[in-house]
Amino acid sequence: MKVKVEAGVCGFQSQITAQSDDQQMVTLKLASGCEKIRGLAAGLAELGPLDVYAEVFDGKDSLLGLCRQQLTTCCAGCAVPVALYKAMQVAANLALPATVTISMSEL
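Numbering (this note's numbering), first residue to last: 1 to 107.
Worth flagging that the hints you see were computed from the coordinates, not collected in a lab. It should be emphasised that the depicted structure is a prediction, and the values quoted were computed from it without experimental measurement. Don't be surprised by glycine CBs; every beta carbon is placed ideally from N, CA and C. One or more of the hints may lead you astray.
To be verified - Restraint-style ranges between C-beta atoms, simulated for each label pair:
1. Glu106 <-> Asp21: 15 to 25 Å
2. Gln15 <-> Ala76: 34 to 44 Å
3. Gln24 <-> Thr73: 31 to 41 Å
4. Tyr53 <-> Val100: 40 to 50 Å
5. Asp22 <-> Glu46: 13 to 23 Å
6. Tyr53 <-> Met104: 30 to 40 Å
7. Glu35 <-> Lys2: 17 to 27 Å
8. Ala42 <-> Cys74: 31 to 41 Å
9. Cys74 <-> Asp21: 17 to 27 Å
10. Gln19 <-> Ser105: 35 to 45 Å
11. Leu107 <-> Ala45: 39 to 49 Å
12. Leu107 <-> Gln24: 36 to 46 Å
Unchecked claim - No farther apart than 16 Å at their CA atoms in a straight line, the calculated lysine to aspartate or glutamate pairs in the EDC-like style are these:
13. Lys36 <-> Asp61
14. Lys86 <-> Asp61
15. Lys86 <-> Glu46
16. Lys29 <-> Glu46
17. Lys29 <-> Asp58
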């Protein structure tokens, strides 16, 4: 699974790959021009493969917990964490691949 994220006004793009050989343990890789996302990528590498069932059904929260830890201040609303989570689900066949869009406009 490959995912491309265009995060918005910051102008940074991120690329995610999510792979699973057994539909349970998923390895996430992340590349970006953003320094904070690169820090998140290093944290993901340290975590190693994630147990998707523990993350989704048991509330383990390793992935989103790491995202909250790494992406603070203005980056707390970054779109990359939700893209990582969805990529993890799709790699384990717990979700179907589909484009997700967040559109903003003035009232």
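Against the structure, the hints:
1. Glu106 <-> Asp21: 15 to 25 Å: 47 Å, violated
2. Gln15 <-> Ala76: 34 to 44 Å: Given about 21 Å between the Cβ atoms, the range is violated.
3. Gln24 <-> Thr73: 31 to 41 Å: 34 Å, holds
4. Tyr53 <-> Val100: 40 to 50 Å: Given about 22 Å between the Cβ atoms, the range is violated.
5. Asp22 <-> Glu46: 13 to 23 Å: For Asp22 and Glu46 the Cβ distance comes to about 21 Å; the hint holds.
6. Tyr53 <-> Met104: 30 to 40 Å: Holds, since Tyr53 and Met104 (Cβ atoms, about 34 Å apart) stay within the stated range.
7. Glu35 <-> Lys2: 17 to 27 Å: Since Glu35 and Lys2 have Cβ atoms about 22 Å apart, the given range 17 to 27 Å holds.
8. Ala42 <-> Cys74: 31 to 41 Å: 20 Å, violated
9. Cys74 <-> Asp21: 17 to 27 Å: Because 37 Å falls outside the window, the suggested range is violated.
10. Gln19 <-> Ser105: 35 to 45 Å: 36 Å, holds
11. Leu107 <-> Ala45: 39 to 49 Å: 42 Å, holds
12. Leu107 <-> Gln24: 36 to 46 Å: Given a distance of about 44 Å, which is inside 36 to 46 Å, the answer is holds.
13. Lys36 <-> Asp61: Not OK: Lys36 and Asp61 at ~19 Å, beyond 16 Å, violated.
14. Lys86 <-> Asp61: 14 Å, holds
15. Lys86 <-> Glu46: 20 Å, violated
16. Lys29 <-> Glu46: 11 Å, holds
17. Lys29 <-> Asp58: 23 Å, violated
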